[in-house]
Amino acid sequence: MHQTIAVCTLGCKVSQYESEAILEEAARRGFTPDEVGKSDVVVINTCTVTAEGDRKCRQLIRRVKKQSPEAKIMVCGCYSQVSPEAVAAIDGVSYVCGTRDKLRVVDRALDLLSGKAIPKIEIAPLEGAGFEKMKISHAPRTRAYVKIEDGCDNRCAYCKIPDARGHIRSKPIADVVAEVGELAAGGVREVVLTGIETASFGVDTHESLADLLDAVDRIEGIERIRLGSLEPTLMRPAFLERIAKVRKLAPHFHLSMQSGCSQTLAAMRRKYNAETALRNIEATRAAIPAVQFTTDFIVGFPGESDADFAETLEFAKRVGFLATHVFKYSKRAGTPAASMPGQIPEEVKHARSQALLAVSAESTARLLAAELAARPVQTVLFEQQIDGVWSGHTASFIEVRVPSAENLHGRLLSVRLTECRGDFILGKLSEERD
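Residues -16 to 417 in the numbering used here are what the sequence shown spells out, letter by letter.
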């Protein structure tokens, strides 16, 4: 019987990778990928990083039910791990699992379609979980995300992810190399090594992130290696000395700062202060020429005073981030921050968010102008068309847009940069590189 499946994803790069692995496993088991509204089964891979994320998950499930009233709706991921009963209560949901043994959703889909009875909720405990053996062999995007680590042992005061993902566990280097090698053989040029807490890779297996980078650097066909979100504590001298020699490592790092105020970072239970982060950022700039940084900040954390926020603004100005994602603090039930005194009014969070975004825009404009002046010809990996213009990124993750009638998708090409436009740079094709 011809059976079809669709997978919808909310959340981070890890979740996107896992969704691709589910799709590939389903294809191996006889399913044909299709769209929502045309599929026998719809798998929804959820996120719980914010309260807004939870709301979007519920909204998506209801929308899928409306679009596919006859489909078997199956829900997995972080939100369903921590709130399985709430998910199961939504009309139309046939099956709920969490973040452990996600590939099992394919078995259960086959059971449902064959008429077998299955448990509606099947949440496996995260204690003692190993790294789930899953892989992808091709990438639907220009760059491939490869999950190298799962779980987080940090207990930040605002975060539910340790409850949703469990303890740290890492993928063996040999398995990562085999997976990336297969992706490279299929034409992937850029790979992003990512995890829930990427910087913790190898703490459980006694391997190191630097060793992994060295191994992936040797894979023929891969031209760029990126890392997922990192804590600034990783950027210590010994690590920097190692990675500065990795030829294909892209000079761009996304640092999950969350605040630029040491007092707020301590209240958040982060593992560093603003001074340590700034020192490590400066050390990275000294070790890796032309490196760029992007970041996340949370504004309006309980107890954050105007003076504390002013420190974050000053920190952001001093560092000069290429781009900044700003999140307004939202209460997460069961986290220490939810019951902390000094909860910040929404209007104050909004004002702080706007102020930080304004600083970010100024930094972006300044950095793009400097890049145009210092390195007017760069190699760009093209990803998509936007309003008839091709868009891609340099190694340092600067967006470049080029008008071209050709299909540039997935191509690494030399581009002459011509003009800064807001948060990207216009350019024109120079010599072809691939």
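One should not assume that every hint holds.
Said to hold, decoys possible - Calculated lysine-lysine pairs in the DSSO-like style (CA-CA distance at most 30 angstroms, straight line): (1) 254 / 314; (2) 314 / 300; (3) 48 / 314; (4) 332 / 254; (5) 39 / 49.
Claimed, not checked - Here are the in silico distance ranges between beta carbons for each label pair: (6) 323 / 399: 38 to 44 angstroms; (7) 368 / 42: 25 to 31 angstroms; (8) 69 / 389: 44 to 50 angstroms; (9) 160 / 388: 34 to 40 angstroms; (10) 186 / 297: 14 to 20 angstroms; (11) 16 / 194: 34 to 40 angstroms.
Hints are computed from structural coordinates only; laboratory data are not their basis. By construction, the Cβ of each residue, glycine as well, lies at the ideal position given by its N, Cα and C atoms.
Going down the list of hints, with the structure as the test:
1. 254 / 314: Roughly 21 angstroms between the alpha carbons, so the hint for residue 254 and residue 314 holds.
2. 314 / 300: holds (28 angstroms)
3. 48 / 314: holds (28 angstroms)
4. 332 / 254: holds (24 angstroms)
5. 39 / 49: OK: residue 39 and residue 49 at ~15 angstroms, within 30 angstroms.
6. 323 / 399: 38 to 44 angstroms: violated (52 angstroms)
7. 368 / 42: 25 to 31 angstroms: holds (29 angstroms)
8. 69 / 389: 44 to 50 angstroms: holds (49 angstroms)
9. 160 / 388: 34 to 40 angstroms: holds (39 angstroms)
10. 186 / 297: 14 to 20 angstroms: Roughly 33 angstroms apart at Cβ, these two residues miss the hinted range, so it is violated.
11. 16 / 194: 34 to 40 angstroms: Because 35 angstroms falls inside the window, the suggested range holds.
Violated hints, in rising order: 6 and 10; the structure is consistent with all others.
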